[in-house]
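Colleague: What follows is the residue order along each chain.
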Amino acid sequence: MFSYIIKRTFIFIPTLLVICLFTFFLSTTAPGDPVLRMLNQRGESDLLKSKNSFTQKLYKDKRAALGLDLPLFYFSISSFAMPDIQDHLLGKQEIEIINRWSIETGDGNKSLEFFLKLKNLKQGVLGLNQSQNDSIRFILLDKLTVILNEKSWVNVNNKIIEINSLINGVGSENIKPIILNNAINGGAIFNRYIPRVVFNGLENQFNYWFFRVLNGDFGKSYIDKRPVLDKVWAALEWSLPLSISSIVLTFLLSIPIGVYSAVYRRKWFDTSVSTILFLMYSVPSFWLASMIMVFLGDPESPLYAEWFDPLGYKSMNMDSSFSEKLIVLLQHIWVPLFCLTYFNLAFVSRQMRSSMLEVLAQDYIRTAYAKGLYAKLIIWKHAFRNSLLPIITMLGGLFPIAIGGAIVLEVIFSIPGMGWLTLEALYARDYPVIIAVVFFSGVMTLIGYLFSDIMYAYFDPRIRFDDQKAVE
Amino acid sequence: MVDDSHKKWWQLYFIRFKKNRLARISIYLFLLMICIAFFADIIANERPLFISDGESWEMPALSSQVSFMGFEDKSFEFGQWDKEAFVIYPFIPYSPSNLDIKNQLVSPFGKQNISSNRWRHWLGTDELGRDISSGMIHGTRYVLMIGFSSMLIALLIGLLMGCISGFYGDYDYSLSYLSIIFSLLGVFVVSFIVFHSRYYNILDSLQNNFFDFLFELLYLTIVVAFLKLIHKFILKIIPENTFLTKEKNIPLDIIINRLIEFVVTIPVLFLILSIIAILKPSFTLLILIIGFTYWTSIARFLRAEILKVKRLNYIESARSMGYSDIRIIARHIIPNAIGPVLIIVSFGIAATILIEATLSFLGVVPGSFVTWGVLLKGAREFSSPWWVAVFPGLGIFFTVTMFNLIGEGILDANNPKIRDNV
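These protein sequences, in sequence, are chains P and X. Note that this note's numbering has the first sequence beginning at 1, numbered continuously upward. Note that this note's numbering has the second sequence beginning at 1, numbered continuously upward.
Just so you know, nobody snuck in bad clues.
Between beta-carbon pairs, the in silico distance windows are: (1) X:S174 <-> P:F25: 31 to 41 Å; (2) P:L68 <-> X:S191: 18 to 28 Å; (3) P:T28 <-> X:K248: 28 to 38 Å; (4) X:Y314 <-> P:R429: 56 to 66 Å; (5) X:Y314 <-> P:Q362: 16 to 26 Å; (6) P:F25 <-> X:E316: 40 to 50 Å; (7) P:F25 <-> X:K102: 46 to 56 Å; (8) X:S174 <-> P:L377: 45 to 55 Å; (9) P:P256 <-> X:S191: 44 to 54 Å.
Covered by chain P, per the in silico footprint, the following chain X stretches (three or more residues, Cβ under 8 Å): (10) 194 to 202; (11) 252 to 265.
Now the stretches of chain X that chain P is said to cover, found in silico as 3 or more residues with beta-carbon under 8 Å: (12) 348 to 357; (13) 374 to 380; (14) 386 to 396.
Rather than coming from a laboratory, the hints here were simulated on the basis of the structure. Cβ atoms here follow ideal geometry from the backbone N, Cα and C, with glycine treated the same way.
The following block holds chain X by itself, in its conformation from the complex:
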């Protein structure tokens, strides 16, 4: 037998994961998808990769790639270069929003109105002449960005809540009355400042550069620090064993469970639709809403796992060695409890993709972006032929399958109970 005891905990996960062939293929495909999404502007773009007329040269496609990564976009004029210039085009010489009027609704297999096979629309076009393959490639960007961002938010909140409610339970956390008073006071003061006194300052600072926003955060931190100073001061003044210093048990588990119940009761699609009706549709809003409603699954499963892990012996020995709570949680409990969380995250990314596709299908998406859902919507609206609907649908299908397989792989890697020799 190979001795694996020297490996770190996540390496053991990888070893078990790799044995599952389907999951391994899915991970490779996932990495491929990340590459396609990242380099989408270089793979499919109406601007050429390289253009030169002997004296000066330019790489316009790279400008759009770079602008995607956050820098400024240099505009590109075709008219500047005369027809004899030497040009290299990207693999698919169309942008997703590029309207090719001569080639509306052409089939990938049929006759297309093009000059040479270089310009062929390999997956056809829709009713406006937009190339489907380019839309698919640029669409991967939205898929991954929305999926990952919303899951990141959900993960942050869910990990925090799950750890607190699982580790502290109902009986292990107590605060003195004075601390309770100050905590509530602190919450009230911070909310009052954020939503009333400095509300407009904060909104302005978000529009301006980042440092203004940091200033606002600094302001809040100073206020909180000031409150803590008062707290310590009062602690020094009042004598021991009075009413205020008596410790009261705070049932964190019940509080967090109530909160989870409340969040879980809200149906996500209705919430998204209502909020988008009242505010403007935007991707940020979508990511925030999905993140703020999905964390409950993560918190619930994390709590269940922590409850199982908490009773193990080495946790007890870690406590008796005097390790602080945070150290125990971070180094001992989380690595053992993280399995179901990863499963939920990967299924969550799949669910996010479906939600985004549904929303685009209903027409609730911000303006000019071309995602897979938008392509499907176009397919339905204009009774388009099969290639407009089939390819985005297949794209969604394969991506969701990929994430589901990864989730299943983690599930099997995590569960040593299901063995073959029953």
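The following block holds chain P by itself, in its conformation from the complex:
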């Protein structure tokens, strides 16, 4: 048994690694530039367009301090067409344009040079005296702006010819026509199909991210600059009691209900309870919660009762002692707990009932009855144990529902738990918190599955001793 647990825990680790990878890459795709955020700039244009060498140095230093100038992962796969971009002041939008031009032309370095030349040209045109050829100047400026935002290289080609003719029209000495370097159109087109794999060693963002996470440092929230881990921990303090009690209650109630429904099949208990459960299963939890709030929680509604306070849970004071918290918990948790649990309760009860029915139809149960064993013994010692297996499999599946399904309920009942934290982070685009929440929910779900696997092995000896055979 113990060796099975060890084995299972080892298998748990690769999945954890995959969750880490997934979360990390999710965080790299988040829009916005973290360096700019740290420097409190609103948009890219202010800082990046400035030629001030001080701001440039500031940007570079901050970026290096955040570790963002390192490559992303232990190895990078790109093609020979990509340029070596050293100048990070270009900003995400422009880097995307350069990437696209590099791939389409096949020569990244020349595309980068070309792009920078165009930018300089635009600066030069902006700096011309007002007197000469104003209309042409404006058209030129306009076309340059368009071309600097143009993603497709084919269109760029076409536009360059117009720009060249306009430059000749302006006729200033500082501005020379841009000659489309023929080497770009040459045979480098196939460079993009040749992969280039670069090994980056241990100096990469993922490595640092990973070890930071192992130390518990998820960064600081964008909203209030508090460490993310503190926020998540505080939210968990609210959510975990609710989730765990929901799962415990589900099992405590649904197992007896399922067994009795199966044993007294088609009697009044079974039919009435089954119908009620079935209807419960179809009601959306947030709708029920809203109805409860509207009809029973609103002082103006005719059904309001003083003692029934659905919002009571959030009045729990986190700083009081554990026993005080427990008392408040037991008083007020029932309404959110009910809303969270009833769905799972219905589902698990029906499953219990059907698996119990299947077991009761077996021949050995019939033999036991024929032998004259006590009915209670048959039901609880033989039938129940054998029908428990699918339920335990479902235990693993309940964890994600308990964690994720509480989101809406937390909003309605104003409980500052994980779901509420997630929503707040989403509305405010607070990416460090979002990433941490995804990571934590993944980890908790994994722990839930590990737990259910261990319980499954405890109840079913076949798993322990013979895991070569595929068991359903």
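Chain P is fixed; fit chain X onto it per the hints.
Modeller: Chain X only, in chain P's frame:
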């Protein structure tokens, strides 16, 4: 006894299914719902069905119906026709986004500010004056579309994965080392081309017409075919019984199970919310995410059933007759194993409806569409009276019940073990 042996396997399912009265009613209601969803523009629309002033006539409601089916929408101007024109309106003369300012927050039973009973809001309006009944009718479209599309994706992936892992298990599939090398190489090459070399070409082709996209697919197919040619060529060259041609067992079952474990660990709601935060909210994204996370249930149950079915005698005899694997799977195994899959699909549609309603409730839905979840959200936001919240809620409740009953019907039809004469 009636001799049913000449009937096809799915006909036997139908016969058992029909005996369950609740399930039968649910199927009829489901067909009714499909009709309502399909003809929603004709049932509830602010444009008239038929308008004519003696000389020319037009059927504007049909234009919106036709535009829903993919053709172009002809716009309709009320001002073109003078007041004396002969008009026939649809059954509910309001569109879901039609703001009736004179009638905000009117109750279905109370006094409404309307000219005649023809224009009555039978289920009331919300705080902006939108007719609730029209919203309900057009909402059925979203419900069915999202439910079916996501389940279709989940079904495709789940069937594939479940069949492979169930049928081949851990011991029945082996490839030569050369084939392994080429498969991995093929995967690498295709990913490299799709995500790097031709990434922008593919993105562009999706915006333009369909043939550009077909061209990209053709390109990939040619690359893969080329790799296969090299593979065959090398096979011809190297002699037999070298290292490269030795067969190695590939434990497909374990691989697919690991994959299922990974996908199952991700909590769906969190994933949807996070991805929607990073990208824009849209229905396609929602359908894709639900499809790509739900297939695991289908695969797991299909695998369990296949494991039971695989040991039966007629599978063995089919193999000894030399039938190819695909034929055995498609004609013998799947019809017997499909029962639980259908159950999961119908429960899945119910779950999808609830997920969509939850997301709309949280406000994470694309712009201007009016679904049942959006109506519920509006109900909560503005502390609206009972009719704004009750009707969409009842709609969701009845639809989910309907799918659950269908699922239960299939469940009972599938399981001959639960008999009455225990």
